[in-house]
Every structure is written in structure tokens, then in C-alpha cells.
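Participant: Can you make the complete structure from the sequences, with help from the hints?
If you're matching them up, the sequences are chains A and B in order.
Residue numbering for the first sequence follows our numbering, beginning at 4 and increasing consecutively.
Residue numbering for the second sequence follows our numbering, beginning at 423 and increasing consecutively.
Warning: the hint list may mix true and false statements.
Result set (DSBU-like, lysine-lysine): computed pairs, CA atoms no more than 35 Å apart in a straight line [to be verified]:
id	chain 1	residue 1	chain 2	residue 2
1	A	Lys-28	B	Lys-637
2	A	Lys-28	B	Lys-535
3	B	Lys-718	B	Lys-500
4	B	Lys-1162	B	Lys-844
5	B	Lys-561	B	Lys-1079
6	B	Lys-500	B	Lys-649
If you are wondering where the hints come from, they were derived from the structure by calculation, not from laboratory data.
Every value quoted in this text rests on a predicted model; they were computed, and no experiment measured them.
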Amino acid sequence: MSACRPTIHMTVNGEMRAVDAPPMKRLLDVLREDLHLTGTKEGCGEGECGSCSVRMNGELVNSCLIPVLQAERADIQTVEGLALNGKLHPLQEAFLQCGGAQCGICTPGMLMAAAQLIERNPHPGMAEIREGLAGNLCRCTGFMRIFESVIAGAAEASERAVEHAHDAR
Amino acid sequence: MSTTATTRIVGASVPRKEGVDKLIGRALYVDDMEREGMWFGATVRSTIPRGIIRSIQFDPRIDWSQFAIAAAADVPGKNHIQLIVADQPCLADGQVNHCDEAILLLAHPDRHKLREAVNAVRIEYDPLPAVLTIEESEKQDVIVLGEDNVIKSFLLEKGDVDSAWANAAHIVEGEYRTGAQEHLYIENNGMIAEWNGEGGITVWGSLQCPFYVHKTLRAVFDLPDDKVRVIQTETGGAFGGKEDFPSNLAAHAGLLAMKSGHVVKMVYDRMEDLAATTKRHPSRVRHRTALDRDGKLLAMEIDLATDGGAYSTLSSTVLSRATLHAAGPYVCPNIRIRSRAWATNNVPYGAFRGFGAPQAIFATERHMDEIAAAIGIDPVGLRRRNFLHDGEQNATEQVMREPVILDQLLDRALAESDYHGKRARFASENQVSPVRRGLGLAAFYHGSGFTGSGELYLNSLAGVDVTADSTVRVLVSNTEFGQGTNTILTQIAAEALGIDYEDVTMAPADTGVIPNSGPTVASRTSMVVGRLIERASLQLLEMLRSHAGLGVHYTSEDFFVACERYRAAHGEVRSLCHYEAPPGIFWDDTTYHGEAYPAYAWAIYVAQVAVDTVTYSAEVEEFWAVQEVGRVLHPVMAKGQIEGGVAQGIGYALYEKVILQNGHMANNQMTNYIMPTAEDVPPIHVHFEELPFRFGGFGAKGIGELPHDGPAPAILNAIRDATGVGFNRIPLLPEDIFAKLTARQPVEEPAVL
Chain A
4 MSACRPTIHM TVNGEMRAVD APPMKRLLDV LREDLHLTGT KEGCGEGECG SCSVRMNGEL
64 VNSCLIPVLQ AERADIQTVE GLALNGKLHP LQEAFLQCGG AQCGICTPGM LMAAAQLIER
124 NPHPGMAEIR EGLAGNLCRC TGFMRIFESV IAGAAEASER AVEHAHDAR
Chain B
423 MSTTATTRIV GASVPRKEGV DKLIGRALYV DDMEREGMWF GATVRSTIPR GIIRSIQFDP
483 RIDWSQFAIA AAADVPGKNH IQLIVADQPC LADGQVNHCD EAILLLAHPD RHKLREAVNA
543 VRIEYDPLPA VLTIEESEKQ DVIVLGEDNV IKSFLLEKGD VDSAWANAAH IVEGEYRTGA
603 QEHLYIENNG MIAEWNGEGG ITVWGSLQCP FYVHKTLRAV FDLPDDKVRV IQTETGGAFG
663 GKEDFPSNLA AHAGLLAMKS GHVVKMVYDR MEDLAATTKR HPSRVRHRTA LDRDGKLLAM
723 EIDLATDGGA YSTLSSTVLS RATLHAAGPY VCPNIRIRSR AWATNNVPYG AFRGFGAPQA
783 IFATERHMDE IAAAIGIDPV GLRRRNFLHD GEQNATEQVM REPVILDQLL DRALAESDYH
843 GKRARFASEN QVSPVRRGLG LAAFYHGSGF TGSGELYLNS LAGVDVTADS TVRVLVSNTE
903 FGQGTNTILT QIAAEALGID YEDVTMAPAD TGVIPNSGPT VASRTSMVVG RLIERASLQL
963 LEMLRSHAGL GVHYTSEDFF VACERYRAAH GEVRSLCHYE APPGIFWDDT TYHGEAYPAY
1023 AWAIYVAQVA VDTVTYSAEV EEFWAVQEVG RVLHPVMAKG QIEGGVAQGI GYALYEKVIL
1083 QNGHMANNQM TNYIMPTAED VPPIHVHFEE LPFRFGGFGA KGIGELPHDG PAPAILNAIR
1143 DATGVGFNRI PLLPEDIFAK LTARQPVEEP AVL
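Facilitator: Shown next as C-alpha cells:
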């Protein structure tokens, strides 16, 4: 059995994790079933809807398309890793204030896509937001509240970064 | 009585009640739940649209002793999923009537073993002739349901249509069609069931209507009320798609739990959900309209047909709403609407946001633009000339007793969109540009709540209680699936009770805890149930004032001290109210006359569209949604409802095509069933005019379904404006635009007689 169920090592939300899983098991299932991180959702199972989006080594990926073998030694961030020390991430705060989450099923993936976007581009314009979220489907909001949330979240994240820089001095 | 007095919490955009849980990944959807020793279930489905099941064979290469298997013969009670009529089996018994119909259920402790097992069950059929379109069904050569394939028909008559034609200056005819539409909630259907032997059954699942599922389980398992418990889990979108189907899935999971002796989870993958669950009814609507020389409506004759699919499910009530919305928000002295829902061997169609109204309104509002073109009036003027006003009567001869502000909504929509200025500009730019732009509008109303006497039959019961740890709980069977039930109802309770929003929570959506306040459908939650919560809260205050010394002025703390005093004397602190109809409601179900709905929400939507004459693609560039929905209880959520509905309506018009092959959805993947993405949705400008409705929760009327009614006709009217060609069928894809714009002879032009 050990030959077909190798131990995979990953960093998940900053913690080292070791998982015994078949190498072709989807990263999505490893997160949900083996690590009980059910914040990451399955919507379509074929990389179309983005509900299962997580960040892997700084890239946004559909975890339903990643065999866990490919995640060996990877650094994974899921929605459970966004809030720090019980304080909501600026994007989470903004989604709450601006109505960016309705039924909530696309929200974890949407947040990861938005986090990826504003980390790469702290002040995204509307076209960049639309492009950055194009792989994440939301059926409830019509996206307008999400766009507002991302704009507000990006602004708050920049402010927090400035405060952090001040504090560091 | 609701007033327009200043409120603290109602009208404020407080944080969504369950928002933080959803944002940190802690909210538990059904697939997130695990139980010790849980098994997993799967479904063996029919592969033909109609036939007799000759044999069922199990491939001997599978060790079937490891599986639990359930068939029709295992159903302990009635083998029916009954929403209205008992014609849909829980599991096919001897005959299948549509593709993807459930025949057998399998359960196994390892969910990864199920797919192979499903494929290893071989079913042989003696095929029967199938009926797959409205036209085939109405020929009645092959009868697939009842005596005549008619699931339901209505005839609504007002005035004397037949004698109106002779005096008409203009008669305009048209035929309009809409396709099926998939809800595409991002969370697929799912259910967990536990069979407790003598103790009965408990299910947890993604669903809209706990008591619909409760009723089904009582019948399928032949159990008394108190042996069935239904608990809603966090639900990842529904849009009507989790109104009826969860009853089927709960019964299936329950049968497997009973057979296996284990808790069983059934969660569909996307392909199964798309192929096997309900969609919006396809429709065909024919209009024949008489007008006088000035463009005043003289007569409307409307023939409306829907494809109901293989079983009746909710088709009769969907048809009812379509019928009641078919004449639009206009005054017309002579109206005849004949409507029929036809049975076919397609997967049963079901509830979807708007519930028949989007189909009817697409036809009416497209037809208005065809009339305008045919008789040479501009579309705005034609509508304005015929709008309903206060005191006038609609098709059911319901007198509009509340203020009607359609003209005001229209003025605002025209101003916000710069309708006239842009139309003039586009008309000249289109002469030289390969991209042709146009503006189109739709005027419509949507009835809030159940039709006619429906709310009286429902007799909803709802209220509030106060727990020993000083929390007020809202007691309703109305569920949250993204639209904001939790937030709106707790806002209303907190406002009416004069305490903080944080002091109020929702009781769990568990039939063992909550009263039956009716289903979460028909844009009724804010208006009807909200009003019940407002009344129950005021009643609780009265109880506390009379029996527990609560003063006129009090703090949150005073309130809860009074609650404890009341509890000490009476054992519990609980206030429930039954539905009371607004006064003067009269409805005749046989003639379809009277007060069809207690209130209407009104809207004018405007779409700006660009049609590329090189690629033949049509793109919505900007959208304006102006409406009156009574009092807006939560501005941010209300906007979100409208924007989401508009986006779904854009998909309905231009993207979302259900391709049926022999009754099976061939494009049952998100890869090839296309919904609008973040890059497709245009800026959507939402404006409310607020007119509090006296009998709604803090003045609210229904909002949820309204925004799906208007986008499709507004968009296709804009395409007509841009190209000069009327398209009468949705979804309208680039290939459809290509076919018509490049055809030598224009087809489907309005016939002016």
C-alpha cells in the first residue's frame, strides 16, 4: 500500500502537513477529506467555476484539477488562511460590508482570486478586476457587489500595509 | 400597521447575519458535513426518454454484497413525489417517462466506488414512442400523460375580444419563444439521511422548503408528522431549483439509509445535477393585438404554451403565474388568455425565479416593440399610452388600489439612461459603424406572494421566541440561500422589538423547531413573512407590557429583564401570528378574476446593446434597472438581488442554451452551458423609488423574482433598435443573429393585417 499511497508534504496556511493519499487524488479532496478544510468548495469538478480556487506557490489554481502529487512541498493557502489572528482580511471585511457574498458557495474561491489579484496589483482598475475574477463564477450577485468589495478591500489592504510600515519604523 | 416612520435597523445595510461564517469558510454546506460510518449514495438513471423496463442486470464483476440497493419495491409508503398531483414516482416502477429518470439507488461506504457500480447496472427497455416538443405534444398522436397531454389549462377572459377586431385600426400578430434555463446554483443538490427505525427519519440538505420535503417523506415512508425531521444546511444558491427537487433527493437518500442501516450522503456532481434536475419551462406565446388609431389597446388575444416535461411537478402553478402576467402592466378592455402546460418526455421542468412570468413578459414586451414598429409609434409612447394607473383594472379586473407610478419609473429610466439622446446618437453612428448600438426597454410588474387565495390556504404561522440566554429567535420555515432571509427577518424583529440587530438570531431551519410559515418562494418572504414577524414582535411587546412590566421607554437590558419575568410566570416567551389577508381580497379560481396578488412590484428596465455585424455577437454594454418594490429594507442586499437577477436575465437572453438530444441535456457541463462571467456582465445601474406597502413587512413588497422578468425583452428590443430586425426567440446566440441578418428575405416580421 505504501507504494500507491505515498506521504505528501505540503505547507497549508503556514503549517507543515503530511498526508497519505493516492498520488492522483485531487488536491481539492485532500484539503476537504484528509485535512478537513471544507472552506474550499467543489462547483463543477472541471476547472470552470473556480469555487475550488486556492493559492499554490503564489499562483491561483483550481484545486479540482491538481493531483496532490503535484502539490508535494508546495505552499498552499486556502480561505481558512486569509484571516490572521482572528482579524478578518481586508477583502473579507469588504465583502461583508459591500454585499460581496450572498449564498457564499463561490465566496472562498472568489476571495482567493481577489487576494491573488490585489497582491499582484494593489490598485486594480475595473478591467483588471473583471479579468482577475473571470475564472470564478458567481450566480447570485451579478458581480457588481463583488467588484465593489474588491475595490474597497484593495484600498483597505493598502492602508493596512502603510500602517504596518509605520509601525515597523 | 407599517408606517414610514424613521427606523433604526430596517433600511440600514447591516452586515449579513451569517456573513462572517461564509467569508471564513466555516459555513457548513451539506457536502461539508461528515458523520461517523457514513455511506454514500448514487443513482442509476434511464437512458431513453420513454419505455418499459424489460430487465435490470447487475454485472457479476462487481461484488454487489458490499452495496445497499434500493428500487421502487423498497418504498414503504407511496411511490410518489407529490407536489401538486401524485404522478411522479420516487423511483421508476416498470416504465420510464424521461431520460435521466431515477430507477435504482446504490450506496457504498467508499464514494469513489460508486461511479463504476452505476455503470455496471445494465437496464434493457422496450422503447415507447416519445414526445419531445410542445408541438408534438399538442398533436396528441401520442398520449404520454393523462388523457390529452394537458397538465393544466387556464382561460382568462375579460370584455368581448371577438367583437373588438372589426373596429380596430391596427391588428398586430407575433409569436415568441423562450428556451429552458438552468438555475446553475454553484452548489449542486445534496442531502444526508439518517434512518432511525421506529424513530423515523431525519434529513439534512440543501433546500428551500423544509415542509415540502417533510410532506414528501411522510408519504414515501408512511410516517406520522413527528417521525420526520428536515433540517436545512447552508444552501449555496437555489433560484427555485431547490424548491421541488430536494423532495426527490431526500426520499432517495432516505431509502438508502433505510436499506443500508447507515447514514447516507448523496451529493450530485455537476453533470448529474444538470441532466437530472429541473429547469425553467420552455414556452411559446402567440399574441394577436387590436389597437385604435392612437395606439390604445383594444384587444389582446394571447395563446401561451409551456413544455412541462414528463410529470406535472409545479407546472400548473408556473402556468398560472405566466397567465396572470401575460397581459403586462397595461389597460386593455378586452382580453382573452388561453394557456396550456403540455406534457412531454423531457426531464420535468420546475420552479425558477420568476416562475412563468419571465416567459410571458418576454413575449408581451417584445410584442409591444413589434406593435410600435408596425403602427409607427415609438416604443416609449406606445407603452405610456397604455400604462395601468391607480384605480384602473388589469387583466383579472383587479382594481389597482395602491399608487402606481409607472410613468415616474419610466421618466427616471429614460433620464438615467439618456435614452433619447443615445438613441439619436446611435442612429447616426450606426450608419457608418460595423458595430451597431441600440437601446431597448421593458415595462412590467411582478405579483408578490402566492397567487389569488394561495396565501389564505397556506395559513402561515411565524413568530419569535426568547431563549433563556437572552437571544431573540425568529421562528420561520423560510430559508436563507443567499437572498438575505436571515438578515431581513432579524432586522424586522429587532426593529419592531426596539432592541439591537445583534440581539436577534434565526432559529435553526429544522422542522422539529420551527412553525410552518410557508415555502421560501414567490417573492413572499419580506412582504408576507416579514409582516408576520413584525406583527408577532409587536404582540410580544404587548405581552411584556401587560404581564411583565415593560415600560414605554426601555433599553435592550430592560427588554430581556422583562422577558425573564414573563418566563418565570408563563414558562416560555413566545409569540406566534397567523397570516391575515389584507382586507377586501377577492379571488375566483374558476374564472381567474379578482385580486390575483396582494401587491405588485413595478419596473422599467433599459438595455444598451452593441451588435457586431462582423462577428454577429450581441453584447450588453450597460443596463438600467428602475423599480418600485415598496420599502427597501436593506439597500445593499436589495441592489444585490436586482443585479443578480439582471445578470441571470442577460444569460437567459444571450448565453444560456440547454441543448436536448432525445430528451437528455447534451451540454450538461459548465464548459458548454455558458453563464455570464465577471467579464460579460455590464455595469448595472439600480434605482429604487420607494412606496411603502401597508400590508408588507415594514412596507416591503416582493423583490427576488422581479429582476429576472425584464432583461431578456429589453435586450432583444435593443437589438431590434440596433439592427432594425426583430428577434423573437431566446436564447439568441451569434449564429441565430447571423442566420437572420444574412437571410435574403426577412423572416418572422410582424404581420400587419
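Participant: Does each hint fit the structure? Answer for all of them.
Facilitator: Hint check results:
With a C-alpha separation of about 40 Å, the suggested pairing of Lys-28 (chain A) with Lys-637 (chain B) is violated against the 35 Å cut-off. A distance of roughly 14 Å separates the Cα atoms of Lys-28 (chain A) and Lys-535 (chain B); the hinted pair therefore holds under the 35 Å criterion. With a C-alpha separation of about 54 Å, the suggested pairing of Lys-718 (chain B) with Lys-500 (chain B) is violated against the 35 Å cut-off. Taking the CA atoms of Lys-1162 (chain B) and Lys-844 (chain B), the gap is near 25 Å; set against the 35 Å cutoff, the hint holds.
Proximity of Lys-561 (chain B) to Lys-1079 (chain B) is assessed by CA-CA distance (about 25 Å); at most 35 Å being required, the pair is judged to hold. Straight-line distance between C-alpha atoms of Lys-500 (chain B) and Lys-649 (chain B) comes to about 16 Å, which keeps the hinted pair within the 35 Å bound.
Of the hints listed earlier, those the structure fails to meet are numbers 1, 3, in rising order.
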